[in-house]
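Going down the list, the sequences are from chains F and R.
So the first sequence is numbered by the numbering used here: it starts at 1 and just counts up by one.
So the second sequence is numbered by the numbering used here: it starts at 1 and just counts up by one.
The reader is advised that the hints may include incorrect statements.
Not the full set, but computed from the structure, chain R residues with beta-carbon under 10 angstroms of chain F [stated by the list, open to error]: (1) Thr-157; (2) Glu-333; (3) Asp-350; (4) Arg-365; (5) Thr-366; (6) Pro-398.
Treat the hints as calculated values from the structure; they're not laboratory data.
Where is the CB? At the ideal position from N, CA and C, for every residue including glycine.
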Amino acid sequence: MESSFEKINYSLRPNKCVERKMMCLALERLTHIDHLHNYRYIGLGSPYFVDFILFHKNLGILDLVSIEKEVSKKARFEFNIPFSGIKMHYGHSKTVLPNLQLNQVKNILWLDYDEKITDYMFSDIDTFFGNTMPGSFFVISVNVEEEYLDQTHSDGEKKITRQEFRMNKLINRVGKSRLPMEFVDLNLNTKNLTMVTYEMINRQIKTSLINRNGDKKDKILYKQYFNFLYKDNATILTVGGMIYDRSIKTLVEKMDLENLSFVQSGVDSYKIQCPNLTLREIKALDKVLPDELELVRGKFKNKKFHAIPLIQNDIMNYAKIYRYYPNYTEANL
Amino acid sequence: MEKQTELDLSIVEADPAKGFFVSMLIKDITLRDAIGDLVDNAVDAIKARATDLSNLSGYKIDVKLGKSFFSIVDNGFGMEAEIARTYAFNFGKSSDHKLIEGSIGQFGIGMKRAFFKLGSKIQVKSVAKTSQFDLTIDVADWLKQPKVWKFKFDENTLKENIVNPESKTGFSIHISDLSFDSKTSFSNETFIDLLKKEISLEHMLNINKGLTISINSFPLASGQISLVNNDQIKPTFWEQSTDHQSVKILAGISTKDSEEGGWYIFCNERLILAHNKTEETVWTGSKGDGVPLWHAQYFRFRGYVFFEAADSSKLPWNTTKTGMDLDSPYYKEVRAKMITMTRQVMDLLDKLKEEKEKDNPEENRTLNKAVDTSLKQSVPVIEILANKSVLNDRFHYPLALFNPPKRKNSIKISYLVSHEKYEAVKEHLGVGSTNEVGLSTFKYYFENEL
């Protein structure tokens, strides 16, 4: 079977690239809590190691752990390790994560799954929230693209509707007991699957923390900062936030993550939509930005935009992410 | 019933009919649990007397199940008359009673409930350090007096402010006029056998420390709980303690055993759950909050939880001591830990299975071999706990030996042909099997046509 990294060249997904850079900017602020070289980054492997390179170069994290389930391709992973600081752990995240002594060090975990929400992901969330040291940061990315009912599909004799088909798919992956009652009649298009996925992740986080806190006075808390939604190929939802206790509460406030434009602490997602632009267009837009993007009678107030032959939407989307926009060009390296 | 001459209309009658009360009391307890309760009380009395809690040799509990009687005799601390008077024979303890530290009999209802379950004529004899007494309960008589909830010491048996030598102290209960349940069960060998097995399991830690518990003169023996603990494989360990209570958890592997594998939970050294494989511990199935359902892959798994509390009401067990209190925040917290620790061990168990898959040749299964060798060196859990400083909350195993089957760079072809044509080709090729026929014909095409 082809692995996802063989289907997609990770570094060529522009929206994901923007998301990574935004995350990096937010994670920099963890310095308020501790030196970043005291943090450990735990990621799910891919031979491109893009996240590892970014976090090592930009954040200076030295302790990097990659969990990789494809043991049979070990030689390829070992060959591609970009820095000596990366330790490979071969096996499934649900059993590797518990053995990483999460309570001994502050962790930044990015569960960057390519799949749709599935039962083992809840076990990973549970392991992390049940054990990680306060001051840790959690991020999860899952595929929330709606299921397409292929015409030939039928459940035995009886044809099933697209709605039933989508619901069955979800139940097969997460089990009936995890699916909140109020959602059982939903048509799981991308919008609704995103909402249900978000809700199930949040409920698991809450339950894991309740179990961990027991009847202790000093409770471990979680605050969400990330809620990204973007589509390079399939739609991906990324949720994440900070795990802390009373002793570092004021430091968390000092991080002041809320003032970053892309931070979302609620149920609404921040949508990343990189427009496809030519280099000339990019250069022209960059020259005008930043800008208030004020509209007068449906047109940009800043007349310099009028000289650029792009639709308004593309300009707005670009302005949101221009600082993080990836530049791709052919090069002989 | 005597007719009351004056009625006080301000009083709401809340006295339950005694007969109803007794029948409710014994409804949700099995005969085996009733006997278990009395054994627990005897163990408490012995531990209260023992000077060295790690060595209980010389202490005895003797249980007899006869045709017409039940008896249990121990050489523990006895019960002081004051305790009997103020709470031991009360229904539900008063809140200010003095506790036996680290006890297992704690709900205060256990002894009386056991009496009523077993029979209707109960004779108790106690010799404690500073007092002694006999007490007889005739349940039939007692039920006839609806307003009386008291029992009386037998005449001329109560002595207080005396000094009894420790060698003389002890407690005995003799019950006759057996209940129908007791009579039927006591004449059933299977019942007695199950009782022996259950009590020897429940008190395995105490029996291993030298306590003698005999049932119908048969001294109970108990196996050791053990885990692999060597240079290569070390169990994962976690503990948490406050001044008055503590919990320790160990998880790892031992011999492959479909029955003995699972989680064991002890409360003050009394086994509450043995080789548990249900959602009461961690095995909820992957769609639940725990780990996948118990199956062959996990037969080597063993987990042990030891709850200790000076005040036994702090232990997260249910009132019949047959399971855990699933709503207790304390148990929820510990259970979350147990789930994590099960997953830690599963990391090895999953790999052992993977290594055996897809016809991976025997000699390639290096991790399986290392584990099989280690399994011969299981160590008693008590020894592991005595040297717990070398353990941490990670499960150690020789990951470097993991050698899963390589994905083959080959393809399988299959097709159907008629029997006659097959036989003809087979004969022509001079080979014996369908496999060879297939390979030879493919080889022929490859060599001659490409």
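Now for the hints, and whether the structure bears them out:
1. With a cut of 10 angstroms, the hint placing Thr-157/R at the interface with chain F is violated, because the nearest CB-to-CB distance is about 46 angstroms.
2. The restraint placing Glu-333/R at the interface with chain F holds, with a minimum CB-CB distance near 3 angstroms, inside the 10 angstroms limit.
3. With 10 angstroms as the threshold, the beta carbon of Asp-350/R comes within range of chain F, its nearest partner Cβ sitting at about 6 angstroms, so the hint holds.
4. Among the interface hints, the one on Arg-365/R is violated; its C-beta lies about 14 angstroms from the nearest C-beta in chain F, farther than the 10 angstroms criterion.
5. With 10 angstroms as the threshold, the beta carbon of Thr-366/R stays out of range of chain F, its nearest partner Cβ sitting at about 13 angstroms, so the hint is violated.
6. With its C-beta approaching chain F no nearer than about 13 angstroms, Pro-398/R sits outside the 10 angstroms limit, and its interface hint is violated.
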